[in-house]
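Participant: Protein sequence lines, in the order shown, are assigned to chains A and B.
Taking my numbering, the leading residue of the first sequence gets 20, the next gets one more, and so forth.
Taking my numbering, the leading residue of the second sequence gets 20, the next gets one more, and so forth.
Check the hints yourself; a few may be wrong.
Pairs involving identical chains hold if they fit within one copy or between any two copies, as the list cannot separate such chains.
Unchecked claim - The list that follows gives simulated cross-link-like pairs (lysine to aspartate or glutamate, EDC-like), each with its CA atoms no further than 16 angstroms apart:
1) Lys155 - Glu383
2) Lys174 - Glu359
3) Lys276 - Glu359
4) Lys276 - Glu396
5) Lys161 - Glu203
6) Lys222 - Asp334
Simulated from the structure, these hints should not be mistaken for lab results.
Owing to the predicted nature of the structure, the values given are computational and were not obtained by experimental measurement.
2 protein chains.
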Amino acid sequence: MSTTCKAISAESIVQTLRACFPAHERLALHEPFFGGSEDAYVSDCVTTGWVSSVGAYVDRFEQDLAAYTGAKHAIAVVNGTAALHISLKLAGVQPDDEVLCPALTFVATANAISYCGAIPHFIDSESNTLGVDAGKLSDYLKDIAVEDGESYRNKRTGRTLKAIVPVHTLGHPVDLDPIIEVCERYRLELVEDAAESLGSTYKGRHTGTFGIANAISFNGNKIITTGGGGAILTDNTPLATRAKHLVTTAKQPHPWKYEHDALGYNYRLPNINAALGCAQLEKLPQLLKWKRSIYSTYQTAFSETPQVRIVGEPDSSQSNYWLNALQIQGDRSFRDAIIESAHLQGIAVRPMWSLLNTMPMYLEAPAMDLDTSERLEQQIISLPSSAILGAP
Amino acid sequence: MSTTCKAISAESIVQTLRACFPAHERLALHEPFFGGSEDAYVSDCVTTGWVSSVGAYVDRFEQDLAAYTGAKHAIAVVNGTAALHISLKLAGVQPDDEVLCPALTFVATANAISYCGAIPHFIDSESNTLGVDAGKLSDYLKDIAVEDGESYRNKRTGRTLKAIVPVHTLGHPVDLDPIIEVCERYRLELVEDAAESLGSTYKGRHTGTFGIANAISFNGNKIITTGGGGAILTDNTPLATRAKHLVTTAKQPHPWKYEHDALGYNYRLPNINAALGCAQLEKLPQLLKWKRSIYSTYQTAFSETPQVRIVGEPDSSQSNYWLNALQIQGDRSFRDAIIESAHLQGIAVRPMWSLLNTMPMYLEAPAMDLDTSERLEQQIISLPSSAILGAP
Ligand SMILES: Cc1ncc(COP(=O)(O)O)c(C=O)c1O
Ligand SMILES: Cc1ncc(COP(=O)(O)O)c(C=O)c1O
Numbered sequence: 020m021s022t023t024c025k026a027i028s029a030e031s032i033v034q035t036l037r038a039c040f041p042a043h044e045r046l047a048l049h050e051p052f053f054g055g056s057e058d059a060y061v062s063d064c065v066t067t068g069w070v071s072s073v074g075a076y077v078d079r080f081e082q083d084l085a086a087y088t089g090a091k092h093a094i095a096v097v098n099g100t101a102a103l104h105i106s107l108k109l110a111g112v113q114p115d116d117e118v119l120c121p122a123l124t125f126v127a128t129a130n131a132i133s134y135c136g137a138i139p140h141f142i143d144s145e146s147n148t149l150g151v152d153a154g155k156l157s158d159y160l161k162d163i164a165v166e167d168g169e170s171y172r173n174k175r176t177g178r179t180l181k182a183i184v185p186v187h188t189l190g191h192p193v194d195l196d197p198i199i200e201v202c203e204r205y206r207l208e209l210v211e212d213a214a215e216s217l218g219s220t221y222k223g224r225h226t227g228t229f230g231i232a233n234a235i236s237f238n239g240n241k242i243i244t245t246g247g248g249g250a251i252l253t254d255n256t257p258l259a260t261r262a263k264h265l266v267t268t269a270k271q272p273h274p275w276k277y278e279h280d281a282l283g284y285n286y287r288l289p290n291i292n293a294a295l296g297c298a299q300l301e302k303l304p305q306l307l308k309w310k311r312s313i314y315s316t317y318q319t320a321f322s323e324t325p326q327v328r329i330v331g332e333p334d335s336s337q338s339n340y341w342l343n344a345l346q347i348q349g350d351r352s353f354r355d356a357i358i359e360s361a362h363l364q365g366i367a368v369r370p371m372w373s374l375l376n377t378m379p380m381y382l383e384a385p386a387m388d389l390d391t392s393e394r395l396e397q398q399i400i401s402l403p404s405s406a407i408l409g410a411p
Numbered sequence: 020m021s022t023t024c025k026a027i028s029a030e031s032i033v034q035t036l037r038a039c040f041p042a043h044e045r046l047a048l049h050e051p052f053f054g055g056s057e058d059a060y061v062s063d064c065v066t067t068g069w070v071s072s073v074g075a076y077v078d079r080f081e082q083d084l085a086a087y088t089g090a091k092h093a094i095a096v097v098n099g100t101a102a103l104h105i106s107l108k109l110a111g112v113q114p115d116d117e118v119l120c121p122a123l124t125f126v127a128t129a130n131a132i133s134y135c136g137a138i139p140h141f142i143d144s145e146s147n148t149l150g151v152d153a154g155k156l157s158d159y160l161k162d163i164a165v166e167d168g169e170s171y172r173n174k175r176t177g178r179t180l181k182a183i184v185p186v187h188t189l190g191h192p193v194d195l196d197p198i199i200e201v202c203e204r205y206r207l208e209l210v211e212d213a214a215e216s217l218g219s220t221y222k223g224r225h226t227g228t229f230g231i232a233n234a235i236s237f238n239g240n241k242i243i244t245t246g247g248g249g250a251i252l253t254d255n256t257p258l259a260t261r262a263k264h265l266v267t268t269a270k271q272p273h274p275w276k277y278e279h280d281a282l283g284y285n286y287r288l289p290n291i292n293a294a295l296g297c298a299q300l301e302k303l304p305q306l307l308k309w310k311r312s313i314y315s316t317y318q319t320a321f322s323e324t325p326q327v328r329i330v331g332e333p334d335s336s337q338s339n340y341w342l343n344a345l346q347i348q349g350d351r352s353f354r355d356a357i358i359e360s361a362h363l364q365g366i367a368v369r370p371m372w373s374l375l376n377t378m379p380m381y382l383e384a385p386a387m388d389l390d391t392s393e394r395l396e397q398q399i400i401s402l403p404s405s406a407i408l409g410a411p
């Protein structure tokens, strides 16, 4: 009788997945759930003619979001990417600054930095939260950061280190306290990419309320959706005013004059999309329960499987479990075998994102050693997580 | 008995306006009209769960737009500003290029140029079309443009003159033939800002189909609306493919991998907004008739008023009469007197846009002599033009 742990096969992992939700023949990665007032609110927009960027649902959605998250201000915008772009501008990011962000994130995190004319500087993540590894970052900055007047410079590139954008990956809150310490030490502005973490809290406080300005997404694949949409969260009233100004083409308020005083954007969320958002937000507490129950199903199903971890919420955090994920021991070929086999059986699992430092437009961007990101990228598989799978 | 022509008073102009639509107590500048399948299509999105950026209404809206305009390809995006931004990228606009555009336009025309890192170079308009004055431009370029390899340079700034963005102002087609001649002479790419001119044709061909890539807007104040939205029109198939790629975060097609090969954008129109667009487009022929009838009402009402012109469609063009306008003889104070008096009587008239070269962010941008723009800016007043005013 052998006592060595037998390697688990791709096939057996897929079979366990298959058995998790026997009532569902095909498992999408993430489908939205509309079970409330969506239709009524959207029809109301059409009936009243208020579909566009001025309208009562935009105001209400912003108030509801602020109330829900505890942020002082929420500014609704066309998507999470736009929310990040403006948040970075509010943080004072200028052309040629460097902004630290994980290599293991959706490309929009780095793109928003590029839209500011700044350069993403890729940093490593850690396994527990799947987010920024503050300890490793701190050691790295000791090495490369030199004080230069009000801020710190990257001594290798000569550029100002302006800000850091940690991501609450798959909805799991990153460990913010040590990141905030690094920010204080190196005078970095903090902008949270909370695109995926609506409903997630860190030490009892909602993610996206720690940085100077922070981004949420309501893309079709997120926990709630407005079709396309996003929001900027901030506690800083002048910055909130500035944000509203910048996203409405920097037009000065006047009943009829068209005067604009800065390079602005057309980033305001239309009322019809906000109407969807208001209805979705009413359902969020229920969706969070369902998501958590999906996690439990996966957790139970794989509890006996060796070398497989279902990613759970970090200590002192509550996760929205937006996308459940499993981590395997093995390499990219093992991961791909699981993904391919799952797809053949109608289970739309996904790898994480390819690391941003490997994409053509970011090959030249500065990066620290990324060994954990590289491992996670090979080992994590996102699992079907449509809220309906957790419905009682 | 005096034979001199008595100056017309602000009050009498407002009275004539007031009498145009006696059934309407308040006259908004422009309200959308929903009288078709809007509610049904939008509900369909909610019922099927297809509200986001992949969905059947996006495809259909693009096909319907291409069929209606005669463009080979239409790519639906979040708004007209995004459509302009990407059209300029497709035209090859690079950081530090100069792009010619009117000073008398909505700020988005110049902002889109700025998003490319390029510099707007403001040119004059003429009274007939309210658009670019090709003759004056031609004389100006003789003076400032010098050949430099493949392109022409502005000899004053040293920058490449890359493209021109004429605007079909208030829906009136600009005189394109002489502009195209200038483009050929100076190897400028043509990008039409057709944000306001859906339904308008120049010599029998739809505006927005002459340039290499061109922009339409479906903002809430346009002839048809998607809440917020826009489209890129192009006949160039590789550029259409490139456009779709750039507006969907430059993600390479793959069933599960997240690989992006260029700096992309999240500019895709959500399905729920496209659904609105499909319904609105069905109504466009009717809206065009109503718009034309509004023009006739104003034209008839002011036909006897000296020194007042109702802006009509240029020869060889059909205008959508998106925003009707009157031109007065007089200065800004006379215009403001009319606008203020009209507002007091519930008539939401508007001046044109303040000239872009006078706005803080564009004070340093190059500009030619702009005397006609300055006059038009002082003399043109946009009139209430909601389609419903023209309903039988
Ligand atoms: C981590 C992260 N950042 C940013 C974004 C961008 O949000 P959006 O797609 O709404 O632009 C997303 C979602 O797509 C995301 O997952
Ligand atoms: C001339 C012109 N260009 C560009 C735009 C930008 O379109 P959008 O508001 O959809 O971004 C508009 C409309 O607002 C416009 O009138």
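Participant: It remains to establish, for every hint, whether it holds in the given structure.
Facilitator: Hint-by-hint comparison with the structure:
1. Lys155 - Glu383: Neither. Shortest intra-copy (22 angstroms) and inter-copy (45 angstroms) distances fail the 16 angstroms Cα cut-off.
2. Lys174 - Glu359: neither (44 angstroms within a copy, 59 angstroms between copies)
3. Lys276 - Glu359: Between copies only: 11 angstroms across, 58 angstroms inside.
4. Lys276 - Glu396: between (52 angstroms within a copy, 11 angstroms between copies)
5. Lys161 - Glu203: within (14 angstroms within a copy, 57 angstroms between copies)
6. Lys222 - Asp334: Intra 9 angstroms, inter 69 angstroms, cutoff 16 angstroms: intra-copy only.
Of the numbered hints given earlier, the model fails hints 1 and 2; all others are met.
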